[in-house]
Amino acid sequence: MATTLRLLRPSAVSVDSRLTTTLALRSLQPLKVLTASLSTQKGADAAQQRVRETALKRKVPQETELLATEYKVFKNKTLTRIIGKLFSSYKPRYAAVAISANIYTRCRDLDYRDFYIDTLGLPDTYQTWFSVTQLHVWMMIVRIRNEENGRNIQQELVNHFFNDAEGRMHQMGITSGRLINQSLKDLLAHYRGSLLAFDEATVRGDAAMAAALWRNVFKTRVARGQELAYLTKYVRTQLFRLDALTSYDLHRGYFKFDMPDNNLPL
Numbered sequence: 001m002a003t004t005l006r007l008l009r010p011s012a013v014s015v016d017s018r019l020t021t022t023l024a025l026r027s028l029q030p031l032k033v034l035t036a037s038l039s040t041q042k043g044a045d046a047a048q049q050r051v052r053e054t055a056l057k058r059k060v061p062q063e064t065e066l067l068a069t070e071y072k073v074f075k076n077k078t079l080t081r082i083i084g085k086l087f088s089s090y091k092p093r094y095a096a097v098a099i100s101a102n103i104y105t106r107c108r109d110l111d112y113r114d115f116y117i118d119t120l121g122l123p124d125t126y127q128t129w130f131s132v133t134q135l136h137v138w139m140m141i142v143r144i145r146n147e148e149n150g151r152n153i154q155q156e157l158v159n160h161f162f163n164d165a166e167g168r169m170h171q172m173g174i175t176s177g178r179l180i181n182q183s184l185k186d187l188l189a190h191y192r193g194s195l196l197a198f199d200e201a202t203v204r205g206d207a208a209m210a211a212a213l214w215r216n217v218f219k220t221r222v223a224r225g226q227e228l229a230y231l232t233k234y235v236r237t238q239l240f241r242l243d244a245l246t247s248y249d250l251h252r253g254y255f256k257f258d259m260p261d262n263n264l265p266l
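Reminder that position 186 of the sequence shown reads as 186 in the numbering used here, one-by-one numbering, no gaps.
Derived from the structure by calculation, the hints contain no laboratory data.
Quick caveat: nothing in here was measured; it's all calculated off a predicted structure.
Misleading hints may appear alongside valid ones.
In silico PhoX-like cross-links for lysine-lysine, where the CA-CA straight-line distance does not exceed 20 Å [claimed, not checked]:
1. 233 to 219
2. 185 to 233
3. 256 to 233
Please build the complete structure, drawing on both the sequences and the hints.
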């Protein structure tokens with residue numbers, strides 16, 4: 001009996017030992033699962049962190065490029081605004097150059113020979129051309145004074161007139177610069193005197209206009225009363241027509257002077 005108990009005791013101990021081991025292993029299993037879960041979570045967090053870092057690295061250059069683009073746009077707008085302010089005062093003058101060129105074309109291309117030379121008997125000379133053209137330039141100046149940019153247009157019109165006058169001197173074979181300069185000074189003085197005379201005559205009446213035309217167009221030639229009367233009427237008519245001219249047509253040269261009648265109708 002004793003022998004039997006001794007034989008059975010180790011078996012009982014073995015069973016208890018296995019049971020204890022099994023229970024211990026079972027108790028460790030949740031810990032392993034928890035450890036594995038924590039490891040997986042850490043890996044996921046690390047992966048998300050890497051994704052965020054990568055996105056941030058990509059975003060920073062994009063934002064930097066966007067800021068650089070915005071700065072360039074701001075810089076260009078600022079530069080354009082500064083340049084615009086600097087050159088805004090020159091815009092009326094640049095516009096006046098083109099406008100006055102269109103206007104002077106109508107004064108330059110006059111077919112004045114039939115009336116002023118053939119009918120009125122004025123000499124076919126450079127001085128006659130200058131006097132007749134000057135008369136029409138003055139009529140245009142009267143109209144230009146009503147324009148917003150009239151001062152600049154008037155100055156550029158006079159510049160075109162005297163540039164043409166100098167060019168015609170070269171065409172006549174005059175090569176002396178000193179002679180040309182002196183002639184231009186004399187013509188300028190004559191132009192200023194004529195301008196004042198015509199302006200005064202516009203206010204004073206037809207008699208004053210006839211006297212101004214005789215002094216500045218006929219010069220020393222004796223003019224008949226019929227000739228002076230017709231030319232005075234012609235000037236008044238052209239001033240009236242020019243006054244009704246729109247700024248749009250004026251600036252583009254969409255007009256022309258009436259041709260005087262060679263039969264001198266009154």
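Tell me the numbers of any earlier hints that the structure contravenes, in ascending order.
Those not satisfied come down to hint 2.
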